[in-house]
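Each chain, written out:
Number of protein chains: 4
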Amino acid sequence: MAEVTGPRTGVAIIGLGGAVATTAIAGIEQLRLGTIGTDGLPLAHRTELAPYESLVFAGWDLDGSDLAKAAAVHRVIEPAQLDAVAEPLASISPWPAVVDPAYCRNAVGANVVPVGPLRERVAHLRDDLRRFREEQSLDTVVVVNLASTEAWPDRTSAILGDLDTFEKGLDLDDPVITPGMVYAYAAITEGCPFVNFTPSLGPDVPALLELAARENVPVAGKDGKTGQTMVKTVLAPAFRSRALTVEGWYSTNILGNRDGQILDDPSSLASKLDTKGSVLDSILGYDVDDHVVRIDYYRPRGDAKEAWDNIDLVGFMGQRMQMKIDFLCRDSILAAPLVLELVRLVAEAARRGEGGAQEQLGYFFKQPMTSDGGVPEHALHLQEQVLLDWLDRG
Amino acid sequence: MAEVTGPRTGVAIIGLGGAVATTAIAGIEQLRLGTIGTDGLPLAHRTELAPYESLVFAGWDLDGSDLAKAAAVHRVIEPAQLDAVAEPLASISPWPAVVDPAYCRNAVGANVVPVGPLRERVAHLRDDLRRFREEQSLDTVVVVNLASTEAWPDRTSAILGDLDTFEKGLDLDDPVITPGMVYAYAAITEGCPFVNFTPSLGPDVPALLELAARENVPVAGKDGKTGQTMVKTVLAPAFRSRALTVEGWYSTNILGNRDGQILDDPSSLASKLDTKGSVLDSILGYDVDDHVVRIDYYRPRGDAKEAWDNIDLVGFMGQRMQMKIDFLCRDSILAAPLVLELVRLVAEAARRGEGGAQEQLGYFFKQPMTSDGGVPEHALHLQEQVLLDWLDRG
Amino acid sequence: MAEVTGPRTGVAIIGLGGAVATTAIAGIEQLRLGTIGTDGLPLAHRTELAPYESLVFAGWDLDGSDLAKAAAVHRVIEPAQLDAVAEPLASISPWPAVVDPAYCRNAVGANVVPVGPLRERVAHLRDDLRRFREEQSLDTVVVVNLASTEAWPDRTSAILGDLDTFEKGLDLDDPVITPGMVYAYAAITEGCPFVNFTPSLGPDVPALLELAARENVPVAGKDGKTGQTMVKTVLAPAFRSRALTVEGWYSTNILGNRDGQILDDPSSLASKLDTKGSVLDSILGYDVDDHVVRIDYYRPRGDAKEAWDNIDLVGFMGQRMQMKIDFLCRDSILAAPLVLELVRLVAEAARRGEGGAQEQLGYFFKQPMTSDGGVPEHALHLQEQVLLDWLDRG
Amino acid sequence: MAEVTGPRTGVAIIGLGGAVATTAIAGIEQLRLGTIGTDGLPLAHRTELAPYESLVFAGWDLDGSDLAKAAAVHRVIEPAQLDAVAEPLASISPWPAVVDPAYCRNAVGANVVPVGPLRERVAHLRDDLRRFREEQSLDTVVVVNLASTEAWPDRTSAILGDLDTFEKGLDLDDPVITPGMVYAYAAITEGCPFVNFTPSLGPDVPALLELAARENVPVAGKDGKTGQTMVKTVLAPAFRSRALTVEGWYSTNILGNRDGQILDDPSSLASKLDTKGSVLDSILGYDVDDHVVRIDYYRPRGDAKEAWDNIDLVGFMGQRMQMKIDFLCRDSILAAPLVLELVRLVAEAARRGEGGAQEQLGYFFKQPMTSDGGVPEHALHLQEQVLLDWLDRG
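So the sequence lines, in the order shown, correspond to chains R, D, B and C. Numbering follows this note's numbering, with no gaps: position 168 of the first sequence is 156. Numbering follows this note's numbering, with no gaps: position 303 of the second sequence is 291. Numbering follows this note's numbering, with no gaps: position 249 of the third sequence is 237. Numbering follows this note's numbering, with no gaps: position 58 of the fourth sequence is 46.
By construction, these hints were calculated from the structure, which means they are not laboratory data. Glycine included, C-beta positions come from ideal geometry on N, C-alpha and C. Among the hints, a few may not be true.
What the simulated footprint calls covered on chain D by chain C, stretch by stretch (three residues with Cβ under 8 Å from a Cβ of chain C suffice, anywhere in the stretch; the number is not a length) [as the list claims (entries may be wrong)]:
1. 0 to 9
2. 295 to 302
3. 373 to 381
Now the in silico label distances, taken between C-beta atoms and shown as ranges [what the hints assert, rightly or not]:
4. D:Ser79 - C:Arg308: 26 to 36 Å
5. B:Gly22 - C:Gly341: 50 to 60 Å
6. D:Arg63 - B:Glu41: 41 to 51 Å
7. B:Asp159 - R:Arg308: 48 to 58 Å
8. D:Pro67 - B:Asp115: 41 to 51 Å
9. C:Arg287 - D:Arg63: 46 to 56 Å
Model the full assembly from the supplied sequences, consistent with the hints where possible.
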C-alpha cells in the first residue's frame, strides 16, 4: 500500500474480500495514483473530513484470498483498472472471520475463527483491532460491516433489551446473539466507531445502543441506501408534494453477485425486504397497500444490479397514471463511495466527541437508526439537509 | 354554474376551451358536487387561500363552442364524470380571442376579434375583463394564459426592452408584439394578476415586468412544470447529491392532443424546447453536452402524454450506469390542479400587495421568472421550500 | 339472448362467471348487435367454421350471480359496452359447480354441487349437458374449462395411467382425481369436445386421453397462450434464427384480477409456472439456466395484466446485449377471442370425426397436448402454419 | 493475416475502416485463432458455403488508417480481444475511396481518389479489384458496401431508368450518379457479386439491375436488418396472426457511432428513414397512420445503439393495449455476422450461376430488392423459410 502521511484512519471491514470492500479499496488506491477523480464521492468537497488518501484498510473475511484475487472474482472493476492497483491489493489478506451458519446459511468459507465461547470471539476481535491500530500507527480505527446479510433473531428477546442482560447473554453463549452483534460489541468496547452498511441487526438493538452511548462511541446504520430505495426516497417526496396518490408500487431487483446468492436464502431475504419495505409509507403519510418488493438471483446480471419499478399514481379527478423506472446500476459502484464517506463521517463524530446513534447519517441508509427508536426521516433531500447542517455546525 | 357565496375570485382564461382549462373547470364543478376529492391539488390543506369553490370562470377561445362541447372533444375526463357537470359547463361560452397567425400557425378558429390596431385589441380585452368583474360581482380577476404555444419574437428587440418603447410599439402596431403580450398588457393595466402557464413569452419581457412592478400587479410564469420536466427537476438534484455525473439525458415525448398538434409546427416547438432544455445544467452545475429533448405528435396517445427518458450516469471509478423512465401521464390532469393553485396564489399575492414577478412560484414552472433576469432555482424540493416559507410568512 | 338461426353450437363453460367467459359472451352479444368488429378474432375470415353468432352459452360457476352482475365485477368491459348487452347477459345464470378445496384453495363460493361420491358428480354434470342440449336444441355442445387454476395432483399415480384404473379410482373416490378431470370425464362420455384453457391438468392425463380416443371426442389444451408467453414464442425463434444466444430471461407478471388472487396460493402458482416455464428451451434447442418467471398479485393493475421481461443475449464475439419488454395487456381481452376460436375449431374437428388430442391447436396453448406425450412445437409461426394447413385440408 | 488454404474468397469492402467492417474482420481473425465461437453467425451450420476462414479482406476507406488503428477508435471490441488480432489487422490498410460530398456531407477524410471524370473513377476501382484478385490468388471477389449512408438522388431520373442512358450519364458525368452506383457499376462489370448493406441506392436502380442481369452477376440489398427493424418484422406478423390491430408504432433510436453522426445530416437521414419505414404496412396489410421513426445522434451510447419502441394495439371489443420494447443492442455486433453470411451466400449464388437481384436474401435487409420492383416479403420467419429452401435446393 502506498505511503500515507499525516494522521491515519484505520478501516477494519467485516467482509473485506467482498465486492463493495474491494471496490472501495481499489478506488482509494486509484485516487492515490491520480488515475480516477472523485466521481460518485458525495462529500469530496468537504475537505475538513479525513482525506481519502489517509485511509488504511484491513478486516475480516471467511475467504482468505488476498484482495487482488478477491477483486478479480467480483468483476466490478475493469481489468485494466485492477491491474494498476494489483500490488497494493495483493498486500492485504483478510483476518479469520467470526461466522455462525444459523444466521447466514449461504455464506461459506475456510478462513474462520474456530467455534468457541462468545466471550472468546469478542476477545479475538478486540485483539485484531488493537494489533491493527498499533502496527499501522493509526489515530482512529473505524469498523464497517459489509458482510453478507444475516437473518434477524427474535428482536423482542430480553437478552437484547438492555446491556446488563446482553452481557449475561454473552456469558451464557445465548443463541440470540448474532455474529454482527459480536463484532459491534467488540468494536464499541474497543472504542472504534461502527458503521453497519448491511441489513443485519448488528448494533441496532437497545443493549448495544446503550453501550455505544455509555462508551460515547459513534454507531451508524443500517443497510446502505444505494439504488432502488435511494430513487424511491427521491420520487416519493415529489409525488407527495404534487399530491399524486401512490396507489401501488411494484419493485423487482435482479442481481447476480454474492449478495444476490445470499438473498436466495429466504431468512436472509426477509431481513433485506424488511429494510427496503419501510420507507414508503412514512414519506407519503399513508399506507400503500400494494407495495411489493422482489429480489431475484439472476446470474447474467452479475454485480450490475437491475431494478425495475412500476408506480401507480392517482391524480386530479381520480385519474390514473403510471411510471416505470428501469435502473441499470452497479451495486458496488454505488455503495463503495457511501462507505468511504461514512468512515470519514463517523471519524469526525468521534473527533467531536459525539457518540451513540448518529441520526444525522440517515442520508446513507435504508433504515436509519434513531436514538429513541422513533420513526426516522426517509426523504433524501431532507436527510441531506440534516447532514449538511451537521457538517456546517462542526 | 353553481352558486358561490362569500368573496368571489374571477378566472379569465386565454384558451378557455382547451383541455387544461376545461379539466380545471370540470374539476371545480365536481368538487362543488362533492363527487371528487382533492387528489392532485398540492395546496388543498392551505385553507388561508381562496376556496376552490369561490372561483368563477370565463375567458377567450378561438373556438366558440360552449365548454361542455369543448370538454367532450378532449376526452380527458370520463364520460360519466363529464355528464355530471354538463350543465354548468354548457353555460359557459368563450369570448372572441385575439390571435395572430404569425405567432401560432396551427391554431385556427372562427371566434376571433376582428383584426385591427393593437390599441383597439387591448381596449377590447380590457372591456371583457371589466364586464366580467361587474356582471359577476368579482373581488379579484386573475388572467391565466393556457393558449397554444406561440413562436418567440426577437427578444432582443428594443421595443420589448422598456415600457416606453413598448407603448410606442403598441401605437405603431409593431409586429414584434405577440398576442400573449397584448393579453398581458391588458390584464396588468386592468389590475388583474397574470399567470402564464405556456412557453409563450407573454409578460416575460422587460417592458411588461416594468409595467407589472409599476402597477404592483403580480405576474407569474412561464410554462407549467407538469410531467417529464418535473421528474427531471426531482432526479437531477439527487444525482448531484450522490455525485453521479450525468453524461447524457435523452428525453422523448409523444402526445396526441391539440398541444401536440400545435408543436408539430417547428416555430412553436422551438419555444417549448427552449423552456424544457434549460433546467438541467443549472441544477447540476455543469453542462450536459448530450441533453436531447424530442416532442412528437402521435395521435393514439391522445391527452395521455408519454415521456420516455434515458439517463447515462458516471459513478465511482468512472463506471457507467443507465436509468430509463417511462411516464405514462395525463397532461391535463397534471396541469389543471397547478393552474388552480396558481390562481389562488397570485390572488393571495395581490391581497398582500406584492406585485411584479412572483419568484416564489417557481415551483410551478419550467422556466421561472426572476425579477432581475437572473438564473432561477429549478430543483423541485428547493422551490417547494421557498413556496412554503412564503405561505407561512403570509 | 338474441335469436340464433341455423345450426346452433352450445358452449358450456366451467367458470362461467369469470372475466374471460363473460368477456367472450359479451363480445358475441356485441357482434350480434353489430356494435363491434372482429378485432382480435384470429380466424374471423374462416367462414367455413361455425358463425360466432351461432354460439349459445351456459355453464357452471361457484358464484351464482347472473352474468350481467358477474361481468360488472370484473371491470374488463367499458360500462357503456356492458349496458348494451346487459339484458342477454342477465338472462344467463350459472349452474352449481363441482369444486374441491384440496385443489383450489382460494376459490370460494356458494353455488356448488353438494359434496358426494365422484360418480354422482359425474352424473350431475352429464345431466347438465344433456338438459342444455335438449332445451336449446343444440347440434353440438363444447365444454370449455376457464375455471381457476387447480393444483396438480401426483401425475405419476397409477390411477391416471390408464382408463381402467381411472374408472376404478372414480368408483373409490380416489383423491388424485381433480374436479378438472371430473368435468373432462363427464364431457367426453357425453360426447362433448373439451377445451382446457387453464393450467389445470384436466383431460391431459393418459387415462382421459385414452377415453377421448376411444370415444373419438376432440380434446384440446392446455393453458391459453395469451400475453407474455405468446410474445416469448415469437421472439425466441427469431433469436435462434439470428444465432443470438439467450443467456438469461427474466419474466415478471403483475395482475390484480381473480386469476392473480388464485395464484397467490403457492400450489396453484406452481401449476401455472410449470406451463409457462417449458416453452423456452425447446424452441432454442438448449437449456437457459437463468429462466426466471414470476407472477405477483398486485391489485392496482386489475385485469390489465402487465408483463415485464428482461432478456440477456450473447452475440458475435461473445458480446452482450439486452432487451426489455413491457407489455401492458388485457388478460381477458387477449384470452376471450382465443376461446371463441377454439370452440369453433373443436366443433369442426368433431364434424370431421377427428377425436382425441388435437395437436394442430398448439397455436393457442402454453403447453400443447401431444397424443404420444412427445415434446410439442412452441414457435408461434410454426404452430400457425400447422393450424392453417389443417384448416385448408378440411 | 493468417494463412488461408483451399479456395479463397476475396471481400472488398467499401468503408473498410468502419465499425462493421473492422468487427467482421476481427471476428474472422478470432475464429482463425479459435478464441471465439460462432455465436451470432446464423448460418454457421451450413458447411456447404465457403468457410469463414477462407475469406480474405481488403477495400476502400476515406480514412487511410490501418485496421488495428481504425478498430480501436470504434470501441466495439474489448481491448483484450483487439490485442489478440492486432497484427493481422494492422497489416491491412484501405485503398483510396471514391467520394462525393454532394451525397454524404458528414463523411470527410483524406484517403480519396482525386476528383475526375466518372469513367476514370470506374477504371480506378476496377483496377483495385483486379489487382486484389491477382495478388491474393482469389477465386471470387465479393464487393460489400458498408460506407456511410448517402443521400438519395432523384430516382425517377431517366439516367437511372435503363442501362443505355446510364452509360451515357457516365460519359457525361451526370450528377445523378452517386458514388454507390459507381462502385456497383465497377464491381458488376468486373464480375464481382455486390452486397449493398447500406440504405444508399447503390445497385438498386433499373439501369444497374439490368447490368447485373446481363452480366449474370449476383447483387443483394439493401440496408442490413439488424436491430429495431428486425424486431419489428418479428412482432408485426404475430400481431397480425393474433388479429391485434396496430393503431400506432413509435420508434426512436439513439446511437453515438459514426453512423449516427452521418445521420445527423438530414439528407442522409431521409434515406435511412425511408428504408426503415416501409416494412410495417406491407406485413400488416393495412396502413399504420401513426408510424413514427426517429434516429438521434447521442454520443454516450457509442456503438451500443438503443432502440425504444412503443406499440399501440387494439384488441377484442376495441380495447387498447400497449407494448414497450427497449433493445440495448450493439449495432456492429449484429451487423458483422450478417455481412459475413451475405458474402458466403452471394459467392454461392455466383457458383450456381444465378445472377441479378437475389430475392432469396431478403432475410438480411430492411428493404429487400425484387427483380420486378414488386413489394418484397418483410416477415422474418417467411424470409427465413425462403432462404432455407434456396439453400436446400443448392
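Here is how each hint holds up against the structure:
no.: 1; hint: 0 to 9; in the structure: violated (count 0)
no.: 2; hint: 295 to 302; in the structure: holds (count 3)
no.: 3; hint: 373 to 381; in the structure: violated (count 0)
no.: 4; hint: D:Ser79 - C:Arg308: 26 to 36 Å; in the structure: holds (33 Å)
no.: 5; hint: B:Gly22 - C:Gly341: 50 to 60 Å; in the structure: holds (58 Å)
no.: 6; hint: D:Arg63 - B:Glu41: 41 to 51 Å; in the structure: violated (32 Å)
no.: 7; hint: B:Asp159 - R:Arg308: 48 to 58 Å; in the structure: holds (54 Å)
no.: 8; hint: D:Pro67 - B:Asp115: 41 to 51 Å; in the structure: holds (45 Å)
no.: 9; hint: C:Arg287 - D:Arg63: 46 to 56 Å; in the structure: violated (39 Å)
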